[in-house]
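Sequential numbering of the sequence shown, starting at 1, is according to the UniProt record's numbering.
Incorrect hints may appear among the rest.
[Stated by the list, open to error] Derived Cβ-Cβ restraints for the label pairs, each shown as a range:
| hint | residue 1 | residue 2 | range |
| --- | --- | --- | --- |
| 1 | 51 | 378 | 15 to 25 Å |
| 2 | 178 | 262 | 40 to 50 Å |
| 3 | 371 | 161 | 24 to 34 Å |
[Said to hold, decoys possible] DMTMM-like cross-link-like pairs, simulated, lysine to aspartate or glutamate; straight-line CA separation at most 20 Å:
| hint | residue 1 | residue 2 |
| --- | --- | --- |
| 4 | 3 | 317 |
| 5 | 2 | 254 |
| 6 | 195 | 163 |
FYI, nobody ran anything at the bench for these hints, they're computed from the structure. Even for Gly, the Cβ is constructed at its ideal location relative to N, Cα and C.
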Amino acid sequence: MKKMLINITKKSRSRIALIENQKLYNFDVEDVNHKRKKSSVYKGKIVHIVPSLEAVFVDYGTCKNGFLPFREISCEYFFNKNITKNRYNIKNVLKKGQECIVQVNKEERGNKCALLTTFISLAGSYIVLFPKNPGFLGISRKISGKYRNSIKKTLLLLKVPIEMGIIFRTASLGKSVEILQIDLMCQLQNWKKIKEAYQSNCSPCLIYQENNIIFRALRDYLYHDIQEVIVDDSKFLVCIYQYISLLGKSNFRDRIKLYTGTSSLFSYYQIESQINSIFQRNIILPSGGSITIDTLEALTAIDINSFRSNKGLDIEETALSTNLEAANEISRQLRLRDLGGLIVIDFIDMTAPLHKRLVINHFRKILKNDRARIQIGTISKFGLLEMSRQRLNSSMNKINRNFCSKCNRF
Numbered sequence: 001m002k003k004m005l006i007n008i009t010k011k012s013r014s015r016i017a018l019i020e021n022q023k024l025y026n027f028d029v030e031d032v033n034h035k036r037k038k039s040s041v042y043k044g045k046i047v048h049i050v051p052s053l054e055a056v057f058v059d060y061g062t063c064k065n066g067f068l069p070f071r072e073i074s075c076e077y078f079f080n081k082n083i084t085k086n087r088y089n090i091k092n093v094l095k096k097g098q099e100c101i102v103q104v105n106k107e108e109r110g111n112k113c114a115l116l117t118t119f120i121s122l123a124g125s126y127i128v129l130f131p132k133n134p135g136f137l138g139i140s141r142k143i144s145g146k147y148r149n150s151i152k153k154t155l156l157l158l159k160v161p162i163e164m165g166i167i168f169r170t171a172s173l174g175k176s177v178e179i180l181q182i183d184l185m186c187q188l189q190n191w192k193k194i195k196e197a198y199q200s201n202c203s204p205c206l207i208y209q210e211n212n213i214i215f216r217a218l219r220d221y222l223y224h225d226i227q228e229v230i231v232d233d234s235k236f237l238v239c240i241y242q243y244i245s246l247l248g249k250s251n252f253r254d255r256i257k258l259y260t261g262t263s264s265l266f267s268y269y270q271i272e273s274q275i276n277s278i279f280q281r282n283i284i285l286p287s288g289g290s291i292t293i294d295t296l297e298a299l300t301a302i303d304i305n306s307f308r309s310n311k312g313l314d315i316e317e318t319a320l321s322t323n324l325e326a327a328n329e330i331s332r333q334l335r336l337r338d339l340g341g342l343i344v345i346d347f348i349d350m351t352a353p354l355h356k357r358l359v360i361n362h363f364r365k366i367l368k369n370d371r372a373r374i375q376i377g378t379i380s381k382f383g384l385l386e387m388s389r390q391r392l393n394s395s396m397n398k399i400n401r402n403f404c405s406k407c408n409r410f
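Start from the sequences and build out the full structure, keeping to the hints where you can.
In C-alpha cells form, the structure reads like this:
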C-alpha cells in the first residue's frame with residue numbers, strides 16, 4: 001500500500017514522504033525561509049548582453065543575476081517582429097534595460113547562476129500549459145504509442161487558446177475531458193494573474209510563486225495508487241481540502257487523514273532512519289555488498305563493491321547478483337537524493353556480455369518509475385555506466401549538506 005506522509009509540525013520546515021509497504025521511495029523537504037525559485041515567474045530587466053555567449057544576464061530580483069540564453073528568448077521581445085533568430089545577432093535585437101517575463105528553469109547552484117527562460121510553463125496535475133508556444137502539442141514520453149492517438153483525439157475536445165500550447169502529463173491518461181478542462185482552466189487563470197502582475201509591478205520582482213512543497217506533492221503525486229494521505233497538523237487540513245477541490249481531486253477527500261499519535265509521524269511509520277540514510281555516503285546492501293555515493297561539482301560518482309556479499313556460487317554470479325541488487329537501490333537513491341546532471345556508476349566487473357545486458361535492461365526497467373527525464377548509456381569495457389538525470393527539486397536541506405571525512409557522514 002502506498003501512502004503520502006505530510007509532516008508540518010515543525011513550523012520552520014515541511015517534509016513529504018512517499019512510502020510503499022513501509023519503505024521510503026520518495027522524499028522532499030522545504031525550509032519555510034527558503035522559497036522555491038524553480039518554476040516561479042519574475043518580471044526581470046536585461047542588465048548585460050553577451051554576444052560571445054549568445055545570451056543575456058537578467059536582474060530578476062535576487063542577489064545574483066540570471067542567465068538567459070538567446071534560444072530561450074521569445075521573438076516578442078525583438079525590436080523587429082519579422083526577424084528570425086537564425087539571421088540576427090543578439091545585440092541587434094535586444095537592448096540593455098529591456099523588461100521581460102522570465103521563469104527559473106534551474107536554480108543557482110554553487111558558482112552557477114540560475115538558468116532562465118521566457119517560454120513560461122505552468123504545470124497542473126494532468127496538463128502543462130505553455131502560454132507562449134502557439135499550437136504546440138506534447139505528450140509525455142511515458143505514454144506508449146497505442147494510447148497517444150486517444151490523447152490527440154482528446155485535444156480536439158479541449159478549449160485551448162490558439163496562441164498557446166499544452167503537454168499532456170502521464171497522469172492525464174484515461175481522464176475525462178471535463179477533468180482535463182478544469183485543470184487547463186486553472187492554469188489559464190494563473191497566466192491571467194501573471195500578466196496582470198507584470199503590468200502593475202516594477203522590475204525586478206516576483207510575480208508568480210510556485211506552489212509550496214505540500215501543494216506540489218498533492219498536484220504531482222496524488223493519484224489512484226496513493227491509498228492514504230496522512231497529515232500531522234489539523235490546521236492545514238482545510239487548506240488541503242480546498243486545494244484538492246481546486247485540482248478537481250475532491251474524490252480523494254476520504255483518503256486524507258489526520259495523525260493524532262503521541263510519537264512523531266515519521267517515527268511511527270519507522271522511516272526516520274531511512275531518511276537519515278539519504279545523507280550517508282555509504283549504503284550497505286542486504287546481501288552484504290555496498291554502494292558509495294560521491295557528489296562532485298561536475299558529476300556524481302557511484303561505486304559498487306561486493307564487500308561481504310554472499311550471493312552467487314562463484315565470482316561471476318556474485319558480481320551479477322550484487323549489481324542487480326545495487327541497481328535497485330541506486331534507482332531508489334536517485335529519487336530520494338534527487339541526484340541530477342551527469343552520473344557515473346562503477347559496476348562490479350562482469351566478463352559475460354549476457355550478464356551486462358541483464359543488468360542494463362533491469363536498470364532501464366526500474367528507472368521508468370522515475371518522474372525525471374533520464375538518458376542512460378551502456379556499460380563500457382571498464383565497467384562504467386554513464387547516465388544523466390533531470391533534477392526535479394532543489395531543497396536547501398539537501399543541497400547544503402557537505403560530507404565530513406572525520407565522521408563519515410554528511
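Discussion item. Checking each numbered hint in turn, tell me which of them this model violates, lowest number first.
Written reply: 1, 4
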